[in-house]
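Protein sequences appear in the order of chains A and B.
Using my numbering, the first residue of the first sequence is number 4, and each one after it goes up by one.
Using my numbering, the first residue of the second sequence is number 4, and each one after it goes up by one.
Treat the hints as calculated values from the structure; they're not laboratory data.
For clarity, every value in this text was computed on a predicted model and none was experimentally measured.
All the given hints hold, so there is nothing to weed out.
When the alpha-carbon atoms are kept at most 30 Å apart in a straight line, the in silico DSS-like pairs for lysine-lysine are as follows:
(1) B:K53 - A:K54
(2) B:K168 - A:K54
(3) A:K166 - A:K230
(4) B:K242 - A:K53
(5) A:K53 - B:K246
(6) A:K173 - A:K51
(7) A:K53 - B:K241
(8) B:K22 - B:K79
(9) A:K166 - B:K168
(10) B:K51 - B:K241
There are 2 protein chains.
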Amino acid sequence: MTTYSEAGVNIEKGTETVKRIKKHVKSTFNENVLLDSGLFAGAIDLKKIKKMNNPVLLSSIDGVGTKTVIAEKMNKWDSIGQDLVNHSVNDILCHGGEPIAFLDYVASSSIKPEIIEEIVQGMTVACKENGVALIGGETAEMPDVYQENEIDLAGTILGIVEKEKLITGKNIKEKDVLIALPSNGLHTNGYSLARKVIEKTKISLKEQFVVEKEDLTIGGELLKIHKSYLKEVSFLLKKFELKGISHITGGGLIDNLPRIFPEGIGAKINPNKIKIPFIFEWIQENGVI
Amino acid sequence: MTTYSEAGVNIEKGTETVKRIKKHVKSTFNENVLLDSGLFAGAIDLKKIKKMNNPVLLSSIDGVGTKTVIAEKMNKWDSIGQDLVNHSVNDILCHGGEPIAFLDYVASSSIKPEIIEEIVQGMTVACKENGVALIGGETAEMPDVYQENEIDLAGTILGIVEKEKLITGKNIKEKDVLIALPSNGLHTNGYSLARKVIEKTKISLKEQFVVEKEDLTIGGELLKIHKSYLKEVSFLLKKFELKGISHITGGGLIDNLPRIFPEGIGAKINPNKIKIPFIFEWIQENGVI
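Generate the whole structure from the sequences, applying the supplied hints.
So this is what it looks like as C-alpha cells:
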C-alpha cells in the first residue's frame, strides 16, 4: 500500500494552508472581485474598462529568484511576497499599466502552512499598497523537485492602460533625457551571486555594519523590499510625456535600458553621479558584480 | 573574485534560451497582441471587450506538479507545456471563460536551452489549439532551490466572459443532472503518488502493457496530455444552460465537485458506470488511490 503521505504529499497541510491564507487574500478584495476564493479562477468585473476608449490588458509573470534562500536562512518570510508584487507592478508600469489584480504560485518540497501564510500575508500588504486584488493562487508540494526547506515564489500581475497611453519606447530620440529613480538594494536580482560571495567570505548574515550612522546587517540589506515605483511614476506620468520606462532588474542597466530603445539609440550615464546602495558596494568589494 | 557562472548562473544560456523560444512564442500572436516579446509585459488589445455588455476578466494560475519528473525520466519535454495550458484553459472554462492569453514560468537548477525550447514549443501547440496568445514568460535559473535536472513549470491563463454568462454553481438545485466528460489519464495530478508506486514496484517506465489491443507503456500513459475540454464545453454551453462546471484535478471528484455546490447539495455517482483509464487501475492494483 502506498499513500499520499508516504509519497511526501501532505493533503491535510494543504487544507490547513488554504484556511490560513483565506482571510489575508480576502482583505485585498474590492467591489470588482466577482468570484469567491476557492473556485477554479479569479474574476474581475471590467466595468471600468467600458469607460475607456481603447482598453489594453497588460500582464507579466515573474519570480523572486533565490532571494527565497536568504529568507530561509533568516527565517523571515514576510518580505518576499512584497518583493514579488512590487517587482511585477513595476514591470507593467514600464508600459504605463495601472495594476488591478495579482495571482501567486508558491512551490516547495514540503508545505509548511505557517511559512506560506507569512509569505501570502506579506504579498497582500503589497497588493493593498498597489491597489491590487489577489484573485488567485496555487500552492504546490513537490518532493523530488525542490531541495529541502527551499521555496520558489512566482506570480502574475494584471493591469490596464489606454491604448493611446501605452508606453513602448519607440518614440525615444537622441537628446532625450534619462531620469533615474533609486533602488534600495538588490531588489530581486543577483541573489545567486550575492549568496556565493557570502559563502566565500564566510560572513554571518547578522554581521553588523554602520553605514551613514545606521546599523545595518548583510541579511537585512539583502532582504530589503523591492520598491514599487507606482506612486513616483504615476506622478511623473501626469506631469510629463514619458516615452519609455525601463525596470532595472537582472542584467542591470546594460541589459535593461536597450530593451526599450529604438535601434541606434544609446544612453550616456555618469556612474559617479549614481549613489550606490551599500549592499552593491559590499558585494563589489568582496566579489565582483 | 566571484562571477555569475561560478555562482551557478549562466547568463549566455539565458540569452540562448530567449533566442530559441522567440519564434515559437511569436507563432501564437494574433492581431490583438500589441507589444513585442522581450519587453517588460505582454499586452492584449481589448477592443473585443468594448462590444461586450458587462465584460469579466477570468484568470487562474497553476503548475503541472511532479509530472515534470516523469518528463525528465522519459527525456520527453514536448507534452508538459501542453498539459499546463490545457489544465489552465479548463480552469477558467469552469466559469464560462473564453481563453485569450497565457504566461508561463519555467524554473530549474540549471537552464538547458534545448529543454526549455521543447517545453515552450509544446506550450505554443496547446496555445494555438485553444486560441490563446503566449504573451509573457519567465525562465529562472535557481541553483540551491531546485534539485539537479528537475524543472518546475507554472503558468497563468487569462480569459473573458460576459457577466451574465459567468458560471458559478450557485443556481445548482436538487435533481439537476450531472454530466461527466472523460479524462485520458492522470492529467496533471497525483504524480508524486504514482511515482512512489512505480518506485516500489520497480517497474520500468518503458514496460509494455496490452490494453484493449493497444500497446501501452506506463511512461507513455503517465505523460498523456491533460485534455482541454474547450471544444466540448463550448458546444454544451451553446445548447444548454450549464449551472456549474467542475474541473476534476487534485483531490478528485470528492474535493472538486463540492467546490461549486451550494450548501446542502451533493452528487450521486455510480462508480460502476465510470470507465476508468488503465493508468488509474494500474496504480490502484499496485498501490492505493
